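A.B. asks: Sequence:
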Amino acid sequence: MRHLIVQLLEGMKTTGPVEQLYTDSFLNAVAVHLLKNHVACKRDIPDYDGGLSRYQLRRTIDYIRTHLDQDIKLADLAELLGMSQYYFCRLFRQSMGVPPYKYIIQQRVEQAKWLLRQPQKISIAAIALECGFANQSALNKHFRNLTGTTPNAYRKRL
1 MRHLIVQLLE GMKTTGPVEQ LYTDSFLNAV AVHLLKNHVA CKRDIPDYDG GLSRYQLRRT
61 IDYIRTHLDQ DIKLADLAEL LGMSQYYFCR LFRQSMGVPP YKYIIQQRVE QAKWLLRQPQ
121 KISIAAIALE CGFANQSALN KHFRNLTGTT PNAYRKRL
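Each residue of the sequence shown is one higher than the one before, counting from 1 in our numbering.
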């Protein structure tokens, strides 16, 4: 890395189109090295053996995120990929580590947490409906199960 930076600094001392191209190449090499070796990025699609393909998983997750405020049925998810509900559920669980229903609840709670952090104070009941929960009570129940606190207490802590 130090070698690349020294060459980069040397290249910056000279001017001209060839030297500029040379310098740009080294900048790219440094950027690639830093991204490859020093950036920790969280992947939202874990690597599990078996289960749904990356394409199927991405399609399913995109569908869930797009329809989070609606009643998402297992039949809809299975139909999206052209498989039986049982087989889809088994492969989804194998891929994500949780069944589809639990994953959907987790995503809804994450969406609720995001909405609770927003500066405009949306009512908890409105947040519940916007996140796809039947009512505020359902949001409270699932929110408490996953976070250990209620949405109202979570908002007050912010």
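Hints in this document: simulated from the structure, not taken from any laboratory. It cannot be assumed that every hint is accurate.
[What the hints assert, rightly or not] In the DSBU-like style, the derived pairs of lysine-lysine whose C-alpha atoms are separated by at most 35 Å in a straight line are:
hint, residue 1, residue 2
1, Lys113, Lys102
2, Lys73, Lys13
3, Lys102, Lys141
4, Lys102, Lys13
5, Lys121, Lys141
6, Lys156, Lys73
7, Lys141, Lys156
8, Lys13, Lys121
9, Lys121, Lys156
10, Lys102, Lys121
11, Lys73, Lys113
12, Lys73, Lys121
13, Lys73, Lys102
14, Lys141, Lys113
[Claimed, not checked] Derived DEER-like restraints, expressed as beta-carbon distance ranges:
hint, residue 1, residue 2, range
15, Leu146, Ile122, 17 to 23 Å
16, Gly82, Glu19, 17 to 23 Å
17, Gln94, Arg157, 33 to 39 Å
18, Tyr101, Gly50, 18 to 24 Å
19, Asn135, Asp76, 30 to 36 Å
20, Thr149, Gly50, 58 to 64 Å
21, Gly16, Leu80, 51 to 57 Å
22, Gln120, Thr14, 50 to 56 Å
23, Gly16, Tyr63, 48 to 54 Å
24, Pro17, Arg65, 41 to 47 Å
25, Asp69, Pro17, 32 to 38 Å
26, Arg117, His67, 19 to 25 Å
27, Thr150, Tyr86, 17 to 23 Å
Since this is a predicted model, take the numbers as computed values, not measurements. The beta carbon of each residue, even a glycine, is placed where N, CA and C say it ideally should be.
A.B. asks: Decide, hint by hint, whether the structure agrees.
C.D. replies: Now for the hints, and whether the structure bears them out:
Using a Cα cut-off of 35 Å, the hinted pair Lys113 and Lys102 holds, with the two alpha carbons roughly 16 Å apart. With a CA separation close to 63 Å, the supplied pair Lys73 and Lys13 exceeds the 35 Å bound. Pair hint Lys102 plus Lys141 holds up; C-alpha atoms about 13 Å apart against a cutoff of 35 Å. Among the hinted pairs, Lys102 with Lys13 is inconsistent with the structure: their alpha-carbon atoms are about 58 Å apart, more than 35 Å.
As the CA atoms of Lys121 and Lys141 are separated by approximately 21 Å, the hinted pair is consistent with the 35 Å bound. With a CA separation close to 33 Å, the supplied pair Lys156 and Lys73 stays within the 35 Å bound. Using a Cα cut-off of 35 Å, the hinted pair Lys141 and Lys156 holds, with the two alpha carbons roughly 18 Å apart. Taking the CA atoms of Lys13 and Lys121, the gap is near 54 Å; set against the 35 Å cutoff, the hint is violated.
With a C-alpha separation of about 11 Å, the suggested pair Lys121 and Lys156 falls inside the 35 Å cut-off, and the hint holds. For the hint linking Lys102 to Lys121, the alpha-carbon distance of about 27 Å falls within 35 Å, and the restraint holds. Restraint check: the Cα-Cα separation between Lys73 and Lys113 comes to about 23 Å, which is no more than 35 Å; the hinted pair holds. Of the pairs offered as hints, the one joining Lys73 and Lys121 holds, with about 30 Å between alpha carbons and a cut-off of 35 Å not exceeded.
For the hint linking Lys73 to Lys102, the alpha-carbon distance of about 12 Å falls within 35 Å, and the restraint holds. Restraint check for Lys141 and Lys113: satisfied, since their Cα atoms lie roughly 14 Å apart, inside the 35 Å limit. Evaluation of the 17 to 23 Å hint for Leu146 and Ile122 yields a pass: the beta carbon distance comes to about 19 Å. Checked against the hint of 17 to 23 Å, the pair Gly82 and Glu19 fails, with Cβ atoms roughly 56 Å apart.
The beta-carbon spacing between Gln94 and Arg157, approximately 36 Å, falls within the hinted interval of 33 to 39 Å. Taking 18 to 24 Å as the suggested C-beta distance range, the pair Tyr101 and Gly50 conforms, at roughly 20 Å. A C-beta distance of roughly 22 Å is found between Asn135 and Asp76, which places it outside the suggested range of 30 to 36 Å. Roughly 36 Å separates the CB atoms of Thr149 and Gly50, a value that falls outside the hinted 58 to 64 Å.
Distance hint check for Gly16 and Leu80: the Cβ-Cβ separation is about 56 Å, which falls inside the suggested range of 51 to 57 Å. Distance hint check: the CB atoms of Gln120 and Thr14 are about 54 Å apart, consistent with the given range 50 to 56 Å. Between Gly16 and Tyr63 the C-beta distance comes to about 53 Å, which sits within the given range of 48 to 54 Å. Between Pro17 and Arg65, the C-beta spacing of about 46 Å keeps the proposed range 41 to 47 Å intact.
Taking the beta carbon of each, Asp69 and Pro17 are about 54 Å apart, not inside 32 to 38 Å as hinted. About 23 Å separates the C-beta atoms of Arg117 and His67, a value consistent with the hinted range of 19 to 25 Å. Between Thr150 and Tyr86 the C-beta distance comes to about 35 Å, which lies outside the given range of 17 to 23 Å.
Checked against the numbered hints above, the structure breaks hints 2, 4, 8, 16, 19, 20, 25 and 27 and satisfies the rest.
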